[in-house]
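Every position in the sequence shown, counted from 1, becomes a number in this note's numbering once 12 is added.
It is worth saying that the hints were derived from the structure and are not from the lab. Since the structure is predicted, the reported quantities are computational estimates derived from the model, not experimental observations. Mixed in with the good hints, there may be bad ones.
[Claimed, not checked] Using 25 Å as the maximum straight-line C-alpha spacing, the simulated DMTMM-like pairs for lysine to aspartate or glutamate come out as follows: (1) K146 / D83; (2) K146 / D166; (3) K146 / D179; (4) K146 / D186.
[Said to hold, decoys possible] Computed spacing ranges between beta-carbons, pair by pair: (5) R88 / A221: 19 to 27 Å; (6) D200 / R156: 37 to 45 Å; (7) S134 / P223: 15 to 23 Å; (8) H158 / S101: 25 to 33 Å; (9) G135 / G183: 29 to 37 Å; (10) S134 / G224: 13 to 21 Å; (11) R103 / D157: 25 to 33 Å; (12) E87 / K146: 22 to 30 Å; (13) D186 / G135: 33 to 41 Å; (14) D94 / T204: 17 to 25 Å; (15) T198 / P223: 44 to 52 Å; (16) T203 / A79: 28 to 36 Å.
For glycine and all other residues, C-beta sits at the position ideal for the given N, C-alpha and C.
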Amino acid sequence: MLVRSNGTWRGGTVVGVITLAVSGVSLIGAGYGTPAPPPVVESSASTGLGSATQAPASPPVGLSIAAISVDAPVERVDVDRDGTLIPPSLRTASQVGWYERGPTPGETGNAVLVGHVDTANSGPAVFYLLGRLKPGDLVTVRRRDHSTVTFAVDGVRLYPKQAFPADLVYGPADRPQLRLVTCGGTFDRATTTYSGNTVITATMVSWRAAPG
């Protein structure tokens, strides 16, 4: 995943500019070679479910998406010295990465979670079926403070790598939003990269505080 960050987040608002390298999010597919199912819906229609009040900050520790049988731990990911976002290791392709310079899921703004679509060694990875999500499907994030936040999918789209929607994914938002990103499109065996990225947009619909 090649994302250049020239700023930091404060309270859900981006300071500076986040720009995307020309090659897009290219390191989240690593050569399994069997294309993931394409997005069934290329939509950004409203779910009609509204949004909940924002939750206090707390890092994500787990992600559940019942519609595609995902139940995965979440680790922090950050940028390297060059400002390039480092995805989860291929050795932990069953895990999801949270971009820790952005909002935590449930805060106002776009919380960004990334995951591999596949790997050469283990085949389908955590976000292999991400493109099968539909508007209205629910995504639940477990947080370190033992609270949970639930989001409803608004849109499912496949973008060419050269047209990655950096503003949509990393830009500011006025309510709690979630972005799920993985590789998609056609797999190029020569370069072991995919031609595009599947991007899920979702809006928070509930927040459940920690028990007790």
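For each hint, the structure was consulted:
1. K146 / D83: The hint holds at about 18 Å.
2. K146 / D166: 8 Å, holds
3. K146 / D179: Holds. K146 to D179 sits at ~22 Å (cutoff 25 Å).
4. K146 / D186: 23 Å, holds
5. R88 / A221: 19 to 27 Å: Cβ of R88 to Cβ of A221: about 23 Å, so the range 19 to 27 Å holds.
6. D200 / R156: 37 to 45 Å: Once the Cβ atoms are compared, 38 Å apart, the range 37 to 45 Å for R156 and D200 holds.
7. S134 / P223: 15 to 23 Å: 35 Å, violated
8. H158 / S101: 25 to 33 Å: About 27 Å separates the Cβ atoms of H158 and S101, which means 25 to 33 Å holds.
9. G135 / G183: 29 to 37 Å: Holds: the Cβ-Cβ distance is about 34 Å, inside 29 to 37 Å.
10. S134 / G224: 13 to 21 Å: For G224 against S134, whose Cβ atoms are near 39 Å apart, the range 13 to 21 Å is violated.
11. R103 / D157: 25 to 33 Å: 28 Å, holds
12. E87 / K146: 22 to 30 Å: 27 Å, holds
13. D186 / G135: 33 to 41 Å: 40 Å, holds
14. D94 / T204: 17 to 25 Å: For D94 and T204 the Cβ distance comes to about 21 Å; the hint holds.
15. T198 / P223: 44 to 52 Å: 46 Å, holds
16. T203 / A79: 28 to 36 Å: 31 Å, holds
When each numbered hint is compared with the structure, violations occur for hints 7, 10.
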